[in-house]
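Asker: Sequence:
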Amino acid sequence: MALPPILLAATVPILVWSGWSPNDRGDWLLENALVAIALPLFVAGYRRLRFSTLSYLMLFVFFCLHEVGAHYTYSRVPYPQWLEWMPDLAWTGAGESRNHYDRVVHFAYGFFVMPAVFELFASRAALQGLWRWIVPVTFVMAHSMVYELVEWGAALVFGGDLGLTYLGTQGDEWDAQKDMLLATLGSVAMTCLLAAARWRGLRAAVADTWSQR
Numbered sequence: 001m002a003l004p005p006i007l008l009a010a011t012v013p014i015l016v017w018s019g020w021s022p023n024d025r026g027d028w029l030l031e032n033a034l035v036a037i038a039l040p041l042f043v044a045g046y047r048r049l050r051f052s053t054l055s056y057l058m059l060f061v062f063f064c065l066h067e068v069g070a071h072y073t074y075s076r077v078p079y080p081q082w083l084e085w086m087p088d089l090a091w092t093g094a095g096e097s098r099n100h101y102d103r104v105v106h107f108a109y110g111f112f113v114m115p116a117v118f119e120l121f122a123s124r125a126a127l128q129g130l131w132r133w134i135v136p137v138t139f140v141m142a143h144s145m146v147y148e149l150v151e152w153g154a155a156l157v158f159g160g161d162l163g164l165t166y167l168g169t170q171g172d173e174w175d176a177q178k179d180m181l182l183a184t185l186g187s188v189a190m191t192c193l194l195a196a197a198r199w200r201g202l203r204a205a206v207a208d209t210w211s212q213r
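For reference, each letter of the sequence shown is one residue, going 1 to 213 in the UniProt record's numbering.
Just so you know, the hints here were simulated from the structure itself, not pulled from any lab data. Keep in mind that this is a model prediction, so the values were computed, not measured. Every residue, glycine too, gets a C-beta built ideally from N, C-alpha and C. It is possible that part of the hints are untrue.
[Claimed, not checked] Pair ranges (Cβ atoms, derived):
no., residue 1, residue 2, range
1, C64, S21, 37 to 47 Å
2, R198, R76, 34 to 44 Å
3, P78, L120, 27 to 37 Å
4, A122, G159, 17 to 27 Å
Take the sequences, apply the hints, and build the full model.
Answerer: Here's what the structure looks like:
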């Protein structure tokens, strides 16, 4: 059986867990509004545009990270307690006033969506030269900016504690800029890995060609 249908089926229990007594029901609904849009689009477009197994797997990993944040609310994810058995990771946030889980997920967004973004452009808007590397990164940067605008708009519309919880700045006036930077760094990191893998593949192909002469 192909992996994508298995991953799609696995989203159901994860959503059930995430939605079972979340810390803030209103925030959970807001956090999953985009999921409610994205999942049907992936299903509807599966026959017209299929991504690689790697892309689907990475998107699923990001989905899991997001649902953890949605369940606890991003500012309350108890990851320091989960890592107490690793004393060398004391820097992860134990004892600090700010919860950095949202920072991790913003970086993860840039990192884990990049394979699918490259495949999307290769299929729908093939690029040449350096543009094939630059445009996907700027595409993710633009998505990150749009998401920050959506957060801001939701905070204005709903206001109160719900708006502040969804916005998740935790008192940091530069929160949006830092989130966009981390998404950019994540996308650049994955781009470098993909470029290195492609370069190694080209070198292996050239070496194989010369060995046959």
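Asker: Does each hint hold? Answer for all of them.
Answerer: Against the structure, the hints come out as follows:
1. As the Cβ distance of C64 to S21 is approximately 18 Å, the hint placing it in 37 to 47 Å is violated.
2. A hinted range of 34 to 44 Å holds for the C-beta pair R198 and R76, which are about 40 Å apart.
3. The hint said 27 to 37 Å for the Cβ distance between P78 and L120, and at roughly 35 Å that hint holds.
4. Taking 17 to 27 Å as the suggested C-beta distance range, the pair A122 and G159 does not conform, at roughly 43 Å.
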